[in-house]
Amino acid sequence: MSLKSDKLHGKWLVFMLLVLAICCAQASYVHAETNPGEGSKSSHAASVHELLGSGDLQFHGFVSQGFIYTSRNDVFGTSQDWGSFGLTEIGLNLLLKPTSRLQFSAQELFRRAGEGSSGDPRIDFAFVDYRLLSRVASQFGIRAGRIKNPFGFYNETRDVPFTRPSILLPQSIYFDRTRNVALSADSLQIYGEQIITGMGSISAQFGVGQPIVNDKDTEVSLLGMLRPGHLSPDMTLLGRLIYETEDQAFRTALSGIWMNINYDRAAVDTLASGSIDFNPLYLSVQYNAERWSLTSEYALRRFRYMGFSDPFLDSLDFSGESIYLQGEYRLNAKWQAMARYDLLYTDRNDRSGKRFSGRFAVPDYSRFAKDATVGISWNLTPEFMLRGEYHFINGTAWLSPLDNPVSASTRQYWSLYALQVSYRF
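Each residue of the sequence shown is one higher than the one before, counting from 134 in the working numbering.
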């Protein structure tokens, strides 16, 4: 974790603790005023108890441990041979509502996921939300802080195992190797929802901010290797529009991100200071019946590299393409089955990867991935969940280069087996 991220991490923690202290102090003061005969110690204890018990302050969390075995290639650590317990997620979150319109939310995450995520604590999100308009059919508000990026159906819920449809999300859309830059940004957002009687609801979110780019996995995924310089965020625009029917059976969304990431060269560096434009568009569709759900998402991702004074990087100007189709079937209240086909092309104009392979001597299958997945979930209790899934994969386009540093040593056809146990409170 960099010094910059440590400072930001500390500022957010201090901010949230100050808010909590002020609210507890205010509750203590009010309780003392209304109960003047009680001692200060019992007054403080009662006020904190009332604040917690009233629902104004909530603490929640989750713990999850995964096991990954692959027939070839490595995922979340050395997963070949004997498998890997390299996927660990521990989250603690806080929700504070001083008033009906004002809300503070924050989550600290400890995530170990291969070479790119060693388990250092990071703040996934920490923001203030103020609802300017709150009516039965209309909502409008503003958020500021580190906020989850609104794109697709699952990005805002991907951090918690219980709110994902599978252990691994469809990697063509929700890359784990660039999770940090995709999950949240230090930003300002406005949001709104309008219910239209007889038609359903329309909701929208729009934001401006700076993405989180100071991690190894993001740097290697974008630049091919760890470089002596560092990535820095530029201004990013993002937005999402969702339509949902009255019975919530059908919903569709259109999302877009306009992101620019700068590379600041070091004093001794083979690269010049350059920039990367990333402009993905997402179309999401879902149908929900009583026992089953069908979901599909499509993405068109434009990449453009400029100013690096490097023949390889400066030649990169392409559009990637992603799509998946996923079905879920709820067998009963405790068991749920899932099947999915996930398709990723790094360059839609070179889907086989042969043109890129001929120019840069890398495997052609590193430019695509075709993933057929089946899985099962068992909710033992509302707090405990067990999951298992199997993937048969053709291609390596979404593998982490940190876990697989030599692309020539990877294999085109491979299988992935995953188990996960999760607990929430």
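Accuracy of the hints is not assured; some may be wrong.
Calculated pairs, EDC-like style, for lysine to aspartate or glutamate (alpha carbon to alpha carbon, straight line, at most 16 angstroms) [what the hints assert, rightly or not]:
hint: 1; residue 1: 230; residue 2: 262
hint: 2; residue 1: 467; residue 2: 410
hint: 3; residue 1: 487; residue 2: 497
hint: 4; residue 1: 230; residue 2: 189
hint: 5; residue 1: 349; residue 2: 248
hint: 6; residue 1: 503; residue 2: 483
hint: 7; residue 1: 503; residue 2: 480
hint: 8; residue 1: 503; residue 2: 454
hint: 9; residue 1: 467; residue 2: 397
hint: 10; residue 1: 349; residue 2: 253
If you anchor each label on the Cβ, the simulated ranges turn out as follows [stated by the list, open to error]:
hint: 11; residue 1: 450; residue 2: 193; range: 36 to 46 angstroms
hint: 12; residue 1: 458; residue 2: 198; range: 22 to 32 angstroms
hint: 13; residue 1: 277; residue 2: 198; range: 27 to 37 angstroms
hint: 14; residue 1: 405; residue 2: 474; range: 39 to 49 angstroms
hint: 15; residue 1: 525; residue 2: 358; range: 22 to 32 angstroms
hint: 16; residue 1: 385; residue 2: 323; range: 18 to 28 angstroms
What the hints contain is simulated information worked out from the structure, not anything from laboratory work. Yeah, the Cβ is synthetic: ideal placement off N, Cα and C, and Gly gets one too.
Provide an ascending list of the numbers of those earlier hints which the structure does not satisfy. 2 and 9
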